[in-house]
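Peer 1: Here are the chains, one letter per residue:
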Amino acid sequence: MGQSKNIKIREILAGSGGEWVNLPSLLPASIVLEMAGESLRSRLYFAMSPDGEELCLRADLTIAAALKYLNEAKNTAVTYLCEGTVFRASPAHENRAVEFNQIGIEKFGPQDEIAVDVEVFLAALGTAQTGKKNELAIEFSDGGLIPKLLDGAHIPEPWNQYLLDVAKSPQALRRALAFACNPKKPPPTELGMSLLKLDDDAATAEVQKFIENADFQTGFARGPREIAQRMKASTQRAIATPLDIKFSRAIDELLAIDDFPVPAIAKIKNIAKQLNEDLSNWADAWAKRLKLMEKATPGIMENTKIIVGKSGRFEYYSGFNFDIFYSNQRETPIASGGRYDGLIAALTKGRSQAQAMGVVIRPERIVDTQ
Amino acid sequence: MPKTNKKLIFGIPSKGRLKEQCEEWLSARGLELHQVGGSRGYKAKFSNFPNIEIRLLSASEITKSLLLGEIHLGISGEDIIREQSDRTDDLIKFIAKLGFGNADVVVAVPNGWIDVANMADLSEVASELRKSRSHRLRVATKFTRLSAEFFQKHGVIDYRLVQSDGATEGAPANGVAEIIVDITTSGSTLFANNLKILDDGLILASQANLMLAKSANWTDTLEKDCAEFITQCSLNC
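If you're matching them up, the sequences are chains A and B in order. Numbering-wise (the working numbering), the first sequence opens with residue 1 and increments by one. Numbering-wise (the working numbering), the second sequence opens with residue 1 and increments by one.
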């Protein structure tokens with residue numbers, strides 16, 4: 001039964017073309033952790049290469065596929081179809097399988113973003129529908145929404161950049177907002193206040209002098225210039241007018257959105273309006289995406305929610321993303337996918353860019369109809 | 001499944017200052033350690049507790065054995081066992097802090113980073129470094145589990161741990177990492193290497209602990225022996 005299910009899944013995923021590829025099981029741990037973040041470390045299995053490089057067993061197919069793309073197909077449009085075992089240690093107090101099969105699509109290179117989002121999502125939905133259909137539930141999110149909103153929301157400086165820097169993490173964003181809106185901040189230092197009156201060169205010299213007088217060591221990735229700039233920025237924040245609490249409330253309201261797509265998008269647009277940000281283009285793109293999905297699978301939106309503050313995604317997901325579950329098993333998605341346009345740039349430290357969208361299916365989680 | 005043992009197995013550090021301090025602590029409670037096979041042997045016994053088998057092990061072997069339930073009791077550092085397992089509180093009962101083997105696990109940054117005093121500052125610097133240099137702040141440590149938990153608690157996200165099994169305090173100067181998480185007693189080694197501890201950078205104030213393995217094979221007799229031993233140590237189990 002498992003074999004025929006996998007064959008069906010492969011057929012559906014291959015429906016939109018692409019080539020089946022083999023991906024390496026062992027990856028450089030430094031690359032995986034640099035991309036996915038240290039929160040993944042406790043789930044990884046590590047190994048050592050004979051020359052001492054720290055390796056890890058792949059925890060998903062995406063990073064392995066991205067490395068293959070960079071090595072073999074950079075700057076072209078490709079669709080990789082991949083299947084294989086991935087390895088994730090079970091969190092404490094949970095009895096999860098530590099190795100399991102994934103089948104997926106990874107699309108890299110120039111692409112019509114919305115069309116590819118829809119194509120990949122529908123392929124994933126098709127695989128999920130090979131099992132019990134009636135109980136499927138879908139969650140959408142958008143990793144690019146909050147950075148986009150903050151970028152255009154006319155938030156006064158110094159808070160705009162401060163919030164943008166942490167926009168990708170709801171937890172860090174909430175913390176930064178609490179600080180920005182707090183009227184009682186720790187007072188600035190004397191040195192910080194004196195630096196504010198100086199231009200960058202003079203402030204750098206002042207910091208250098210301070211460090212030398214204290215017999216401290218300079219260097220270690222941050223020189224006096226970076227330190228002076230940051231001290232000026234934090235002093236500006238210490239004496240700045242606190243951010244209007246309406247921003248914090250609006251972001252809290254935004255992060256709490258968990259609704260059917262149409263009302264969710266309306267709420268998001270409304271919150272953006274309160275912040276003087278026009279998200280019409282963003283909303284139009286979503287409307288187009290949803291329309292194409294609905295057209296292909298009538299009624300699907302009745303089981304679909306947009307959850308703005310959805311957590312648990314790897315950091316490299318930067319746009320539309322989704323999970324497909326059975327409605328009574330939301331902790332264990334059948335399929336998880338999303339757009340990660342920033343991954344190739346991150347892997348190459350900005351030297352290459354590529355659009356990217358992918359999904360992985362957990363075949364064993366698809367419950368047979370028989 | 002650990003095999004049933006008729007004796008209570010007790011792990012004690014096999015060498016160094018920690019072993020001496022354990023012996024002093026036990027001796028002060030009327031428990032003289034007699035090493036079997038001379039001073040180089042790896043077994044010992046108490047004359048007044050013949051049903052206790054003492055195994056002389058490294059501090060990390062003691063904690064591993066406790067977590068696996070291979071020994072019933074052991075003395076080792078809290079930092080070591082908490083680093084080895086995120087299920088420590090499920091598997092281990094901390095019977096007593098022994099007042100020696102003190103070591104603080106701390107976050108330390110270059111002292112020239114005069115703008116960084118606490119974890120919130122560090123979080124900002126990590127994000128700035130990632131933006132300007134396209135890589136995460138590197139943290140050298142052998143305490144990867146404790147560090148990851150602590151950094152998550154403080155909302156630091158743009159960092160990466162670099163495994164370091166020795167001379168961690170030299171990692172920033174050697175260019176291996178920007179900051180470290182390490183143990184310190186007085187802070188003097190950190191200071192000598194131009195590092196400072198963050199104001200809220202104490203991850204764990206560790207010391208030697210007498211610990212009990214909940215998953216060891218406990219018979220009624222062994223439980224009774226253990227209770228007697230702990231009473232002898234003037235402790236409440």
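Bear in mind the hints are in silico, worked out from the structure with no lab data behind them. Careful: at least some of the hints might be erroneous.
In silico contact screen, one side only, chain B against chain A (beta carbon under 7 Å); selected entries [said to hold, decoys possible]:
{"no.": "1", "residue": "Pro-110"}
{"no.": "2", "residue": "Gly-112"}
{"no.": "3", "residue": "His-154"}
{"no.": "4", "residue": "Ile-157"}
{"no.": "5", "residue": "Leu-161"}
{"no.": "6", "residue": "Asn-194"}
Listed next, with one range per pair, are the computed distances between beta-carbon atoms [claimed, not checked]:
{"no.": "7", "chain 1": "A", "residue 1": "Pro-187", "chain 2": "B", "residue 2": "Gly-187", "range": "19 to 29 Å"}
{"no.": "8", "chain 1": "B", "residue 1": "Glu-32", "chain 2": "A", "residue 2": "Thr-189", "range": "30 to 40 Å"}
{"no.": "9", "chain 1": "A", "residue 1": "Ser-4", "chain 2": "B", "residue 2": "Lys-7", "range": "26 to 36 Å"}
{"no.": "10", "chain 1": "A", "residue 1": "Lys-349", "chain 2": "B", "residue 2": "Gln-207", "range": "55 to 65 Å"}
{"no.": "11", "chain 1": "A", "residue 1": "Thr-189", "chain 2": "B", "residue 2": "Gly-187", "range": "53 to 63 Å"}
{"no.": "12", "chain 1": "B", "residue 1": "Glu-149", "chain 2": "A", "residue 2": "Asn-101", "range": "52 to 62 Å"}
{"no.": "13", "chain 1": "A", "residue 1": "Glu-253", "chain 2": "B", "residue 2": "Glu-149", "range": "28 to 38 Å"}
Bear in mind that the values here come from a model prediction, so they are computed numbers and not experimental data. Glycine included, C-beta positions come from ideal geometry on N, C-alpha and C.
Peer 1: All hints, please: hold or fail.
Peer 2: Against the structure, the hints come out as follows:
1. Below 7 Å, beta-carbon pairs count as interface contacts, and Pro-110/B has one with chain A at about 4 Å; its hint therefore holds.
2. Residue-level restraint check for Gly-112/B holds (minimum Cβ-Cβ distance to chain A is 4 Å; threshold 7 Å).
3. A distance limit of 7 Å between C-beta atoms decides the matter here; for His-154/B the minimum to chain A is near 9 Å, and the interface restraint is violated.
4. Taken as an interface hint, Ile-157/B checks out: its beta carbon lies about 5 Å from the nearest beta carbon of chain A, inside 7 Å.
5. Below 7 Å, beta-carbon pairs count as interface contacts, and Leu-161/B has one with chain A at about 6 Å; its hint therefore holds.
6. Because the smallest distance between the Cβ of Asn-194/B and any Cβ of chain A comes to about 4 Å, under 7 Å, the interface hint for this residue holds.
7. Under the hint 19 to 29 Å, the C-beta atoms of Pro-187/A and Gly-187/B, about 27 Å apart, fit the expected range.
8. The beta-carbon spacing between Glu-32/B and Thr-189/A, approximately 57 Å, falls outside the hinted interval of 30 to 40 Å.
9. Checked against the hint of 26 to 36 Å, the C-beta distance between Ser-4/A and Lys-7/B comes to roughly 56 Å, which is inconsistent with it.
10. The hint said 55 to 65 Å for the Cβ distance between Lys-349/A and Gln-207/B, and at roughly 43 Å that hint is violated.
11. A hinted range of 53 to 63 Å for the beta carbons of Thr-189/A and Gly-187/B is inconsistent with their spacing of about 23 Å.
12. In this structure the hint that Glu-149/B and Asn-101/A lie 52 to 62 Å apart at CB is violated, the actual value being about 31 Å.
13. Distance hint check: the CB atoms of Glu-253/A and Glu-149/B are about 30 Å apart, consistent with the given range 28 to 38 Å.
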